[in-house]
Amino acid sequence: MSKINLYSFILVAPAIIFSVRLILEEVANMLAISDYAKQLNWINQLIRKITRTEVKQSEINEELVSILQMLSIMVSAGESPMSAMKYVSKRSEGILPSLIKQSFMKYEDGRTLTQTLDFIATATGSSQVRRLTNSIQIAIHRGTPILEVLNNQVLALNKQINFNLMKLSGKSEITLLIPVVFLILPVSISFAIWPSIYGLNQAGF
Numbered sequence: 000m001s002k003i004n005l006y007s008f009i010l011v012a013p014a015i016i017f018s019v020r021l022i023l024e025e026v027a028n029m030l031a032i033s034d035y036a037k038q039l040n041w042i043n044q045l046i047r048k049i050t051r052t053e054v055k056q057s058e059i060n061e062e063l064v065s066i067l068q069m070l071s072i073m074v075s076a077g078e079s080p081m082s083a084m085k086y087v088s089k090r091s092e093g094i095l096p097s098l099i100k101q102s103f104m105k106y107e108d109g110r111t112l113t114q115t116l117d118f119i120a121t122a123t124g125s126s127q128v129r130r131l132t133n134s135i136q137i138a139i140h141r142g143t144p145i146l147e148v149l150n151n152q153v154l155a156l157n158k159q160i161n162f163n164l165m166k167l168s169g170k171s172e173i174t175l176l177i178p179v180v181f182l183i184l185p186v187s188i189s190f191a192i193w194p195s196i197y198g199l200n201q202a203g204f
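Quick note on numbering: numbering that gives the first Met the number 0 labels position 189 of the sequence shown as 188, and the sequence is numbered without any gaps.
Everything labelled a hint here was simulated from the structure, so no lab data went into it.
Treat the hints loosely; a few may be bogus.
What the hints assert, rightly or not - Here are the simulated DSSO-like cross-link-like pairs (lysine-lysine), alpha carbons at most 30 Å apart as the crow flies:
id : residue 1 : residue 2
1  : LYS170    : LYS89
2  : LYS158    : LYS85
3  : LYS100    : LYS85
4  : LYS89     : LYS100
5  : LYS170    : LYS158
6  : LYS100    : LYS170
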């Protein structure tokens with residue numbers, strides 16, 4: 000019996016450890032998109048240790064969609080892009096508006112608009128922000144209407160966010176099948192066939 004218990008422990012223990020790790024990662028991913036991660040610093044640190052990801056990037060992408068929508072509305076109403084960005088940075092709160100404020104401080108110190116946009120993209124480290132700043136720079140250089148650029152960026156960013164959510168949900172569904180296949184199913188089969196094996200052993204077979 001002791002050998003059987005040892006073999007069972009050797010087979011089941013890795014599956015239990017792997018299943019617990021998957022469950023912790025899924026819980027951390029759910030907390031990462033909730034408001035608790037934004038309010039409680041210790042949850043944010045725990046998510047970074049478990050998932051090795053930054054909540055900051057998801058926050059920046061969410062803020063970027065709202066900022067782009069406000070900018071497109073103000074630009075379509077007749078405001079200049081610079082005044083619209085200043086208004087949004089003063090009225091909004093978050094990581095991206097604070098970086099926009101810092102960029103305007105650098106712009107007032109004598110830096111060019113291209114340098115300030117590069118500062119925002121470098122500080123955030125987001126590919127979406129980098130794409131936006133590059134599009135604005137190209138539009139200014141070519142004389143293209145910025146409103147069209149903003150609307151296109153909103154559509155592209157919404158598609159990217161939806162694609163990432165679908166990809167994350169599909170990956171989560173597949174990973175959650177692993178505990179079922181390697182933990183719950185073997186244990187259920189063991190409980191089903193163990194009485195028969197024990198009875199055959201007692202009968203001398």
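Against the structure, the hints:
| no. | hint | result |
| --- | --- | --- |
| 1 | LYS170 / LYS89 | violated, 39 Å |
| 2 | LYS158 / LYS85 | holds, 27 Å |
| 3 | LYS100 / LYS85 | holds, 7 Å |
| 4 | LYS89 / LYS100 | holds, 8 Å |
| 5 | LYS170 / LYS158 | holds, 18 Å |
| 6 | LYS100 / LYS170 | violated, 38 Å |
Violated hints for the displayed structure, listed by number in ascending order: 1, 6.
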